[in-house]
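> Chain residues, written in single-letter form:
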Amino acid sequence: MISCHEVRSCLAQLQDNEVEKGLRIRIEEHIEQCSACLNQFKGLEEVWDLLDDYRGVEPSAEFNLAFWAAAKEIQYSRPTLPRWHAIFWNDNWKIAALAGSMAALLIVFVGILPYYTNYNNDLDKFDNQLLQEVARLVTADDEDPLPNNDASQRINGEKRDLPRNITNPLGL
Amino acid sequence: MSVSDPDVMLMLRVKDGDDAAFDDILRKYQKPIINFIYHFVNNRAEAEELAQDVFLRVYAARAKYQPEAKFATWIYKIATNLCLKKLNQDRISTRLRVSIDEEKIPELRDTRPNVQMVLETKEKEEIIAKAINSLPRNEKAAILLRKRQSLSYKEIANTIGCTEGAVKTYIHRAKIRLRERLSLYLEGKMK
Ligand SMILES: [Zn+2]
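These protein sequence lines are chains D and A, in that order. Take 205 as the starting number for the first sequence in this note's numbering and just add one per residue. Take 300 as the starting number for the second sequence in this note's numbering and just add one per residue.
Pulled out of the complex, with its shape left as it was, chain A reads as follows:
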């Protein structure tokens, strides 16, 4: 199965001892995986550290690799599990945690248009990050897998390890919460 998946072909080459093939996997997946994790933990250093862990696990599993699923499904499953584990350890699912450093946002606003735009973007990202990070961990996982990976509910259920019905609930609740928490920002923008 999935032998038509080019990433599976790369991984089979890695299995045969071709480390250059793993470099190709790294190049292709490092940014999406780091960002997927970054949206989870909202800390760049932690995101890179966890992403490295994801790739180390994939690399360590090369000898026993069996192409049973799409490579992307497999690697995101590893990433999601590590993120959920990390969130569980840190118990950050219950508290707001935003890593976009507060000190990087100056108190006095520069009025030049381009700088203003950068600040607005930063502010907006901070607000979104806060809203996402306030979600319970399973809701966060479900919403990020849906938003960032466009996974179906069935695929999300398989990745998180829950039922499709649970995914429906997680996503429904997460969307309602996000709408509540981001509505003020959206209303402000509308004015």
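Isolated chain D, as found in the complex:
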């Protein structure tokens, strides 16, 4: 037979109908024969019923109004940063921000391009000047002493002194 100690440890559960069937039958059989355990169970039942007399309060008449006022207040008084963040960080603004960035990059690129081109042109000019200068210096070294000297008189880079009369072969 189940002991008084075991029964008493299960009385609260028995009252709440939270004891499995087999155990419940054994406890009930015990209580029928044990007045001490039966009194313990009755004591729990009395206390449980007494708790019903702790009724509570009626809500204030303005509870609903107060709720909606609080709900609206929360809706309209969100912290500034998250609110602005929410406004600016929706999908439309993400697209706009991306487009704006691309446009800004394009403007910067277009703005830089002429300078970049000019810089290259300047480099080209400088190169050309340098080449011309070098060419001038090179040609200055073998300056033809003859005033009417021309390119036709140069063959394979060698200067050939042609007889003056040959310039007028028919002697006319």
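In short, the hints are calculated from the structure, not lab data. Owing to the predicted nature of the structure, the values given are computational and were not obtained by experimental measurement. A hint or two may mislead.
[What the hints assert, rightly or not] Subject to a maximum C-alpha distance of 20 Å in a straight line, what follows is the list of computed SDA-like cross-link-like pairs (lysine to any residue):
hint, chain 1, residue 1, chain 2, residue 2
1, D, K276, A, A362
2, D, K246, A, K446
3, A, K429, D, L269
4, A, K446, D, A274
5, A, K429, A, A344
6, A, K330, D, N243
7, A, K314, D, I278
8, A, K363, A, K423
9, A, K429, A, E479
10, A, K327, A, L383
11, D, K276, A, E479
12, A, K385, A, W373
13, A, K327, D, F271
14, D, K225, D, S213
15, A, K423, D, E232
16, D, K276, A, A360
17, D, K276, A, A320
18, A, K330, D, I278
19, D, K276, A, D352
Since the structure of chain D is already known, use the hints to place chain A with the ligand on it.
Only chain A with the ligand this time, still in chain D's reference frame:
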């Protein structure tokens, strides 16, 4: 799940932007929620304040609401958690705290029968409130969910966030404590 629950249907309407549906929820649940909290904190103003917080949380969650459980289970879970948090903050679980204002109970007793009855009721409520408030917070939560909401041990475990075995212990201990603390009152009534 739980789409057959009329409160879930109301909440789904709230989710779709129907504030009138939330008014229906407020009307249905304000009294039970306020009283559930009142039995927890034993202070009317605090109870209404916490109840408002419960409804604000439910309302704020409307956009993401998913009917995963019975609406009542969900709202009582929110209420219980707020109460436990509140009790934790105030550390009132360790001290007796009764809000039924002492000054409202006159020292000289009016002998007219109806007034006597009111006083007796007040006195009785005060005694019960003291006994409940002397319980450790988890025992109090378990016993109130069992008594006021008739939740099963499994549902209580889910609401408080503990095991079913823990709920058995909480309720067993709470009932023993209440019997000890209310036995004098009951014996007096028997005489
Ligand atoms: Zn026994």
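> Next, verify each hint and record whether it holds.
Hints, verified against the model:
1. A hinted pair counts as satisfied when its Cα atoms are at most 20 Å apart, and K276 of chain D with A362 of chain A qualifies at roughly 16 Å.
2. Proximity of K246 of chain D to K446 of chain A is assessed by CA-CA distance (about 17 Å); at most 20 Å being required, the pair is judged to hold.
3. Simply put, K429 of chain A and L269 of chain D have alpha-carbon atoms about 32 Å apart, too far for the 20 Å limit, and the pair is violated.
4. Between K446 of chain A and A274 of chain D the alpha-carbon distance is near 31 Å, which puts this suggested pair outside the 20 Å criterion.
5. Taking the CA atoms of K429 of chain A and A344 of chain A, the gap is about 18 Å. The hint holds against a cut of 20 Å.
6. Using a Cα cut-off of 20 Å, the hinted pair K330 of chain A and N243 of chain D is violated, with the two alpha carbons roughly 36 Å apart.
7. Between K314 of chain A and I278 of chain D the CA atoms are separated by roughly 17 Å; this keeps the pair inside 20 Å, and the hint holds.
8. Distance check on the hinted pair: K363 of chain A and K423 of chain A sit about 44 Å apart at the alpha-carbon level, beyond 20 Å; violated.
9. A C-alpha spacing of about 12 Å is found between K429 of chain A and E479 of chain A, which places the hinted pair at or below 20 Å, so the restraint holds.
10. Simply put, K327 of chain A and L383 of chain A have alpha-carbon atoms about 23 Å apart, too far for the 20 Å limit, and the pair is violated.
11. At roughly 48 Å between alpha-carbon atoms, K276 of chain D and E479 of chain A are farther apart than 20 Å, so this suggested pair is violated.
12. The straight-line distance between the Cα atoms of K385 of chain A and W373 of chain A is roughly 18 Å, inside the 20 Å bound, and the hint therefore holds.
13. As the CA atoms of K327 of chain A and F271 of chain D are separated by approximately 14 Å, the hinted pair is consistent with the 20 Å bound.
14. Pair hint K225 of chain D plus S213 of chain D holds up; C-alpha atoms about 16 Å apart against a cutoff of 20 Å.
15. For the suggested pair K423 of chain A and E232 of chain D, the alpha carbons sit about 32 Å apart, so the restraint of at most 20 Å is broken.
16. Of the supplied pair hints, the one linking K276 of chain D and A360 of chain A holds, its CA atoms being roughly 15 Å apart against a limit of 20 Å.
17. A distance of roughly 16 Å separates the Cα atoms of K276 of chain D and A320 of chain A; the hinted pair therefore holds under the 20 Å criterion.
18. For the hint linking K330 of chain A to I278 of chain D, the alpha-carbon distance of about 23 Å lies beyond 20 Å, and the restraint is violated.
19. Restraint check for K276 of chain D and D352 of chain A: satisfied, since their Cα atoms lie roughly 13 Å apart, inside the 20 Å limit.
Hint check: violations occur at hints 3, 4, 6, 8, 10, 11, 15 and 18; the rest are consistent with the structure.
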